[in-house]
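Novice: Chain by chain, the residues:
Number of protein chains: 2
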Amino acid sequence: MSKQMLPVFPAGEGCCAPMVREPLAGDDAAELARMFKALSDPVRLRLLSLIASHEGGEACVCDLTGPFDVSQPTISHHLKVLREAGLVSSERRGTWVYYRVIPAALNRLSGLLQAPVRASVPAGAGG
Amino acid sequence: MSKQMLPVFPAGEGCCAPMVREPLAGDDAAELARMFKALSDPVRLRLLSLIASHEGGEACVCDLTGPFDVSQPTISHHLKVLREAGLVSSERRGTWVYYRVIPAALNRLSGLLQAPVRASVPAGAGG
Numbered sequence: 001m002s003k004q005m006l007p008v009f010p011a012g013e014g015c016c017a018p019m020v021r022e023p024l025a026g027d028d029a030a031e032l033a034r035m036f037k038a039l040s041d042p043v044r045l046r047l048l049s050l051i052a053s054h055e056g057g058e059a060c061v062c063d064l065t066g067p068f069d070v071s072q073p074t075i076s077h078h079l080k081v082l083r084e085a086g087l088v089s090s091e092r093r094g095t096w097v098y099y100r101v102i103p104a105a106l107n108r109l110s111g112l113l114q115a116p117v118r119a120s121v122p123a124g125a126g127g
Numbered sequence: 001m002s003k004q005m006l007p008v009f010p011a012g013e014g015c016c017a018p019m020v021r022e023p024l025a026g027d028d029a030a031e032l033a034r035m036f037k038a039l040s041d042p043v044r045l046r047l048l049s050l051i052a053s054h055e056g057g058e059a060c061v062c063d064l065t066g067p068f069d070v071s072q073p074t075i076s077h078h079l080k081v082l083r084e085a086g087l088v089s090s091e092r093r094g095t096w097v098y099y100r101v102i103p104a105a106l107n108r109l110s111g112l113l114q115a116p117v118r119a120s121v122p123a124g125a126g127g
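Chains as they are written, first to last, in full-length UniProt numbering: chain A, 1 to 127; chain B, 1 to 127.
So that you can see chain A by itself, here it is in the shape it has in the complex:
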């Protein structure tokens, strides 16, 4: 694979082999399934996106309640699920807790899901 075909994220930072290259081992699958489970809720997905796209890559919990029709405790629960899945980190500074995504975790999932490149092999290249 040539260098210029590397993906946009920094190589080596939590990246992993696509699942198209070799079958997932059971232990990896269990850990990855937990991370995907954290992404299996629309509010959590939107929270993660809000945090990731927020100026400076960090969002105060005070920025995260407004856009949703759910209560502050529900938002806090969803943030806890994202944190326990290793997708975001949190830090208390003064009154507020600030959240950022963990790039290595997102890159791991993104790399895993890279689709088969065989789809781009020209038709008729084989026998």
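Honestly, I wouldn't trust all of these hints.
Note that the list lumps identical chains together, so a pair holds whenever it fits in one copy or between two copies.
Pairs of lysine to aspartate or glutamate residues, derived as DMTMM-like cross-links and limited to a Cα-Cα distance of at most 25 Å, are as follows [unchecked claim]:
1) LYS37 to GLU22
2) LYS80 to GLU22
3) LYS80 to GLU55
4) LYS37 to GLU91
5) LYS80 to ASP69
6) LYS80 to ASP41
7) LYS80 to GLU58
8) LYS80 to ASP63
9) LYS80 to GLU91
Quick caveat, the hints were computed from the structure, so don't treat them as lab data.
Given the coordinates of chain A, assemble chain B onto it according to the supplied hints.
Specialist: Same frame as chain A, now just chain B:
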């Protein structure tokens, strides 16, 4: 963003903006959450990986039962969940059903999860 920083998968084939670029809309989040829910089970993740990594990018259901300690009906159920989430397609040929991953669906999820590139901005580049 420069051309050489494009990811490995074929551009335009079901790809989408990373969630770090802008917050996810509610409708998108609901649809994506359903796809991630299909990935939130270790057996389903391993099945998807087995199909994706199988020779020719296609696996017969007869190839997919052996590696697991679960019954054939359970495997069939998991395959149905993957199919209903739009992650794999299936085709009956003769006695067997054959499965392949849908590259556009994997690329959509992979592209969505690309981590912030701001992590690679050189330290001290700002004020």
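Novice: When no copy is specified for LYS80 and ASP41, does a C-alpha distance of 25 Å or less occur within a copy, between copies, both, or neither?
Specialist: both (13 Å within a copy, 20 Å between copies)
Novice: At most 25 Å between alpha carbons: which applies to LYS80 and GLU91, within, between, both or neither?
Specialist: within (12 Å within a copy, 41 Å between copies)
Novice: Given identical chains, is LYS80 near ASP69, meaning Cα to Cα at most 25 Å, within a copy, between copies, both, or neither?
Specialist: within (18 Å within a copy, 32 Å between copies)
Novice: At 25 Å max between alpha carbons, let me know whether LYS80 reaches GLU22 within a copy, between copies, both or neither.
Specialist: between (32 Å within a copy, 22 Å between copies)
Novice: How do LYS80 and GLU55 come out at 25 Å by Cα distance, when the copy is not named: within, between, both, or neither?
Specialist: within (21 Å within a copy, 40 Å between copies)
Novice: Reference check for the pair LYS80 and GLU58, CA-CA at most 25 Å: within, between, both, or neither?
Specialist: Only inside one copy: LYS80 and GLU58 sit 16 Å apart there, 38 Å across copies, limit 25 Å.
Novice: Between LYS37 and GLU22, at a C-alpha cutoff of 25 Å, which is it: within one copy, between copies, both, or neither?
Specialist: both (22 Å within a copy, 22 Å between copies)
Novice: Between LYS37 and GLU91, at a C-alpha cutoff of 25 Å, which is it: within one copy, between copies, both, or neither?
Specialist: Close inside one copy (23 Å), not across copies (28 Å); limit 25 Å.
Novice: Checking LYS80 and ASP63: alpha-carbon separation at most 25 Å within a copy, between copies, both or neither?
Specialist: within (16 Å within a copy, 39 Å between copies)
In summary, this structure violates none of the numbered hints.
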